[in-house]
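Participant: One-letter residues, chain by chain:
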Amino acid sequence: MTVVEHQGQRDAPRPAPPPHWRPRTDPAPLLPDAEPYRLLGVAAAPAKPGARRTKAAPKKSPAAAADPALLRRLYAELVRGRRYNAQATALTRQGRLAVYPSTTGQEAAEIAAALVLQDQDWLFPSYRDTLAVVARGVDPLETLTLLRGDQHTGYDPHATRVAPLSTPLATHLPHAVGLAHAARLRGDDVVALAMCGDGGTSEGDFHEALNFAAVWQAPVVFLVQNNGYAISVPLDKQTAAPSLAHKAVGYGMPGRLVDGNDVLALHEVLGEALQRARTGGGPTLVEAVTYRLDAHTNADDATRYREAEEVEAWRAHDPVRLLERELLALGILDEEAIDAERERAEEFAAGLRARLNADAETHPEELFAHVYATPTPHLAEQAEQLRAEREAEAEGAAHDEERESGR
Amino acid sequence: MTVVEHQGQRDAPRPAPPPHWRPRTDPAPLLPDAEPYRLLGVAAAPAKPGARRTKAAPKKSPAAAADPALLRRLYAELVRGRRYNAQATALTRQGRLAVYPSTTGQEAAEIAAALVLQDQDWLFPSYRDTLAVVARGVDPLETLTLLRGDQHTGYDPHATRVAPLSTPLATHLPHAVGLAHAARLRGDDVVALAMCGDGGTSEGDFHEALNFAAVWQAPVVFLVQNNGYAISVPLDKQTAAPSLAHKAVGYGMPGRLVDGNDVLALHEVLGEALQRARTGGGPTLVEAVTYRLDAHTNADDATRYREAEEVEAWRAHDPVRLLERELLALGILDEEAIDAERERAEEFAAGLRARLNADAETHPEELFAHVYATPTPHLAEQAEQLRAEREAEAEGAAHDEERESGR
Amino acid sequence: MTTATTVTSTPAAGAPKPTTMAAALNRALRDAMTEDPAVHVLGEDVGTLGGVFRVTDGLAAEFGDQRCLDTPLAEAGILGAAVGMAMYGLRPVVEMQFDAFAYPAFEQVVSHVAKMRNRTAGRLPLPLTIRIPYGGGIGGVEHHSDSSEIYYMATPGLHVVTPATVADAYGLLRAAIASDDPVVLMEPKRLYWSKADWSPESPGTVEPIGRAVVRRPGRSATLLTYGPSLPVCLEAAEAAVAEGWDLEVVDLRSLVPFDDETVAASVRRTGRAVVVHEAQGFAGPGGEIAARVTERCFHHLEAPVLRVTGFDIPFPPPMLERHHLPGVDRILDAVARLQWEAER
Amino acid sequence: MTTATTVTSTPAAGAPKPTTMAAALNRALRDAMTEDPAVHVLGEDVGTLGGVFRVTDGLAAEFGDQRCLDTPLAEAGILGAAVGMAMYGLRPVVEMQFDAFAYPAFEQVVSHVAKMRNRTAGRLPLPLTIRIPYGGGIGGVEHHSDSSEIYYMATPGLHVVTPATVADAYGLLRAAIASDDPVVLMEPKRLYWSKADWSPESPGTVEPIGRAVVRRPGRSATLLTYGPSLPVCLEAAEAAVAEGWDLEVVDLRSLVPFDDETVAASVRRTGRAVVVHEAQGFAGPGGEIAARVTERCFHHLEAPVLRVTGFDIPFPPPMLERHHLPGVDRILDAVARLQWEAER
Ligand SMILES: Cc1ncc(C[n+]2csc(CCOP(=O)(O)OP(=O)(O)O)c2C)c(N)n1
Ligand SMILES: Cc1ncc(C[n+]2csc(CCOP(=O)(O)OP(=O)(O)O)c2C)c(N)n1
Ligand SMILES: [Mg+2]
Ligand SMILES: [Mg+2]
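Chains as they are written, first to last, in this note's numbering: chain A, 1 to 407; chain B, 408 to 814; chain C, 815 to 1158; chain D, 1159 to 1502.
Source of the hints: derived by calculation from the structure; they are not laboratory data. We put the CB at the ideal spot given by N, CA and C, even for glycine. A few of these clues could be false.
Stretch by stretch, here's where chain A covers chain B in the computed footprint (C-beta under 8 angstroms, at least three residues) [to be verified]:
1) 600-614
2) 649-655
3) 719-729
Facing chain D, according to a computed beta carbon distance under 10 angstroms, are these residues of chain A, among others [what the hints assert, rightly or not]:
4) 145
5) 147
6) 149
7) 150
8) 167
9) 169
10) 204
11) 233
12) 239
13) 370
14) 393
Facing chain B, according to a computed beta carbon distance under 8 angstroms, are these residues of chain A, among others [claimed, not checked]:
15) 19
16) 205
17) 237
18) 252
19) 317
Taking the hints into account, I'd like the entire structure generated from these sequences.
Facilitator: Structure, rendered in structure tokens:
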């Protein structure tokens, strides 16, 4: 079968398109920047190797225009966040946490996400985002029950406006859309911020969530932390897109590409996106380009799939140091203030350690309490069975002990 | 929590991006045309209402450059396709087909899809695409078993290189990707062409299929027929994207927006996409903007959700008439040739009618034959049960008849 | 928005009138939406079209297109969005267009809908109803006739109910929407156009979830059934009279929770039982039902509990479905195998 | 590419050596890939990393990253692509990373994988293996410990097998890959690191799919079990000796097809049976098993077939899983309820 040669009609005069056809939105404003948006180190940083140095580069950092109180707050949270990650990982080695997916290196996105939200807004974290939850103000012990192993969700989602940490990837994103949609129907000033990883963007639920959000113009912001890997799988086996932010165009929402280690740029971009959502402008997709410095979890061996040099290159672009350097240069921080923050972070870590070192209380009898509003007769029977078994076990143990001591 | 004002850094000099970050591909060439690409009626068509008439418009139609044999073939298939749709719909009224989802108004995409493929290529049709399957050369009776109700898939997918008609929307797209990928691994010159509707693009499997195809650079072409509706749901409740073709950018593949009633433009665009796929250039997403002139199926009442004027506007952009007018103007067709084609289409319809008017043969005993390669002992028992039941039924019937005639 | 809708088949309150199951379901949605503004209906084609089975007919006109919302075509997205809506205090009612088209939402069902209350120690209940038209008998092409109830029954955290009568269709849907737990309402497609004299005020119209009911008392053996197979069982019971069997027919209605009490009482009385359903036999609902009846009634049983079910095959094409679906003869054959010799 | 891989735990052919189940599975993949170039492995992290349980360790190095392919993170896409590969004549082996993460692929499993042969009257068979690590006992956080086998058992068109021993892990995976039908291989996570003396040449290493096996002969009662519960049952049987019970333990291995012959023979011999599995009891595998055993052995049964299973609840958090999982005491309690009075 013959294939007609290209007739070059792209340049020919256009006839009327088919009836009723019209572009739904102008794609141009939806497209992300060509490179990750940055604010920190912008004035100071050397130009791209090979590129000509722009003479006109202003010497004043954009951070100088930001609210110093915000900058200090961001810094304090980054320092505490870094310490939190280290502490939680250490606790896995002592068997106090079953597993911990660290965000060392990704603190900027975690902190920016938490701090940019208003009190009534909802956060939809993935399993990796315990730091964002803690930075939002949720008790770390309640946040960590999932990873400690004593409970699934330890905090009250309504009281904290934080959805349960989602282990099944991206499948919590439609929940964020539904909640945001419901809030808007109710006329409430509520935005949902939903987080997932680069790997998560491949899931069907990511697609469905973004599409629903755009069609419904729901007040929801999607924050994708592109940390380069889904466990061992690097981004280039995950997507061929120019950037993950480019996916936004296909849903008709703006995409923003941001340096994910630049907490200030993230805070600004997320803030804009939330503001747009809040004022009826619909959803935004934000890609934060960052890096997971630790292994996937404490149980993972990252040396199987990546080189030390890569990790080192990213260490040089550390989110905490990036802000620290800038704030030192701007005179917003000095060594003393830095030490004070580190001290506070140590105290926080010590408190966490102490509380996690105590044995968790568990409630086997509650296994049947929350399957349904009221246990079915069937579950009531099973609860009774377990009660009897545990009683017999306890009696048996007491008996054994008696025998032991009797000997 | 304070939100930092936009610092306008989009225009500031760019620092080096985070380590290892680079755009994966240049988005610009992936973006579809701003309006559906057309070849037919281009020179002749009046300019958009309100738009100034371009003086420079060449008087020669791009169709004049196409192979006349191809044009005649396309025309013949369109005429036959239109007749096929009418005949199949009529057969539902006579109870000869259980249901028929018509492609009246969409024949251009069906025919272009079928004709652009090489013999060794595979077609992955949705439930609506029986016309493409028939135009590919598959026996219409075998194609229609699903809708007649005597068998699921009536043709041999290997012999015809046509996958089963897929009723679950978009979930056959990953199959096309897998098959194309396997063929490439084997070194075979095989491209897969997968079809779905505008509604189907919302499904998670659409997303996963396109992403896999792009990452694997699989030789597959996705043809979306945007016919304006998913049953009753119009496109603006389905997507907010500039066009469905814009989704391609988010996967890193080219997107093409084509007038879906322009069989020549479609044949060219699909041909290019297939050629690119064939030569290692990876997948393409093609959106054909078209319209379903009939109801969703014979069982649907389209007046519940759309106005007659809309249908009429599209009738004026009829794919068969569009080509017919062009070929008459170019002198490739005359009235006599048109009548001859219509005659041939009538013969085809008469044959179809006659064959479908005969009762279908069914094989209840085969219900158990193809669940597994070899029926399990368990299924063998059930087959025996059915056999015995049918024997008893037949005996009962014979007995009744005897009694009847005995009276 | 006035109440002058296009739902002509729904009777006005008052005297019972011939009503289809589809109309009773429609009325249940309408009444629930009227009483509680938190009730929202969403799904494919539920708005303007009124659903492919017209169960949501007129709701968008009456309550607006946000209360009865046409969604994009993506089942996981629909159900996932409904989860979020329920988290925020709404009471979403989701329509899945057909049984097999609910499968793309399976992850949402199992990992989120069924578990959310449990995962959050009761703090995030999901008052959410999933309506799923199911089963065969309407000549549907492949993927349009699955009996998928077992997948939901096997998932702790869900209630699973299925009406077999017009009154129960109304009652169970109202109860599902009123429930603070997620309820999967399996709607027997082939009974959508079955009719009964009914009005929303008919006695017994709203039953609590979890109760089976004896539809026909009998002494010889018990037919345990539900949904689309109830009419078949009642017909079989009538035919059995000629053979000398007085069959009791129990309509389970609620598969989860399961009404052990009603079922066991019947089987203890009759000493024999046959489970009848359309779903495949192997690992189908009948396995559980037979096993739990046997656990509870072992010493009353004269014969093993038998099962009459769809075969263990994918649902056949329309022209062959009659061979697959349990019919009167197949039920009577099973009854005949209940070891009556022991009796005599 | 040479065979000098990093798979150090896999024994070379020859004398039996202590081998883990994970290593035997790895060896099965390696042998199948060596013998047949059509065998392709795909899934999340199966390549460079060798799988989160290291079952695919070294395969990418040995066979190249196309034969053992890291896919994007999308389960429906993975399985859907595998369907297409199988249509083209390859023999894909898909790894789902964990039980609950196979749910996004459920539509592909039910509507395509299970039905393709049937939909095409045998013309498009799918020689495809789906490996699913399942069950609890490893202290996994939520969604990492589901026993999801019932969903697959309830889907005609699939074979469902599950090894409980190192030799069966090898044998069943080889048989699955060799099968011209889709096979779901449920791999008991908590037995991945269990060891046995084994080599690929060990006798009985490749069994046909569909045969149960008596792991411990006994006369008092039969424990019917599979996968992760086999070691627990064997331990219970040992403990039962002290109570005067000589328990027979049957390892079902193949849930579909089900080996009625071996099972019924055992239960007819012993007259009593308990089904043991981790999955929830209600509408779990045990219902089917108990029902079919009762259908076949009714007059040999001294007591109803009992079930010892996980409770009808979502899988609990790690610190509580021991209360949920069937243990020796719970099995012995059930054995004690098998109406021994009747005996005496
Ligand atoms: C639906 C689903 N599939 C698979 C997994 C197993 N899994 C857990 S984390 C992970 C990688 C996630 O990568 P990414 O989305 O990039 O997030 P990151 O871990 O980098 O934060 C995988 C495959 C899962 N949790 N859920
Ligand atoms: C997974 C799935 N969900 C729902 C349906 C029911 N259904 C059949 S056709 C249809 C609309 C399809 O619209 P579109 O994709 O635009 O294709 P068209 O019918 O316009 O060709 C729907 C919702 C289905 N077949 N599969
Ligand atoms: Mg990642
Ligand atoms: Mg359409």
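Participant: Hint by hint, say whether it matches the structure.
Facilitator: Verification of the supplied hints:
1. 600-614: Check passed, 6 qualifying residues.
2. 649-655: holds (count 5)
3. 719-729: holds (count 4)
4. 145: 7 angstroms, holds
5. 147: 7 angstroms, holds
6. 149: With a closest approach of 3 angstroms, the residue 149(A) hint holds.
7. 150: 5 angstroms, holds
8. 167: Holds. Min distance 5 angstroms.
9. 169: 7 angstroms, holds
10. 204: At 6 angstroms from the nearest chain D Cβ, residue 204(A) passes the 10 angstroms test, so the hint holds.
11. 233: 5 angstroms, holds
12. 239: With Cβ-Cβ at 7 angstroms, under 10 angstroms, it holds.
13. 370: 9 angstroms, holds
14. 393: 7 angstroms, holds
15. 19: Nearest chain B Cβ about 4 angstroms off; hint holds.
16. 205: Result: holds, 6 angstroms to nearest chain B Cβ.
17. 237: Holds - the Cβ of residue 237(A) comes within 8 angstroms of chain B, reaching about 6 angstroms at its closest.
18. 252: 3 angstroms, holds
19. 317: Holds. Min distance 5 angstroms.
The structure shown violates none of the earlier numbered hints.
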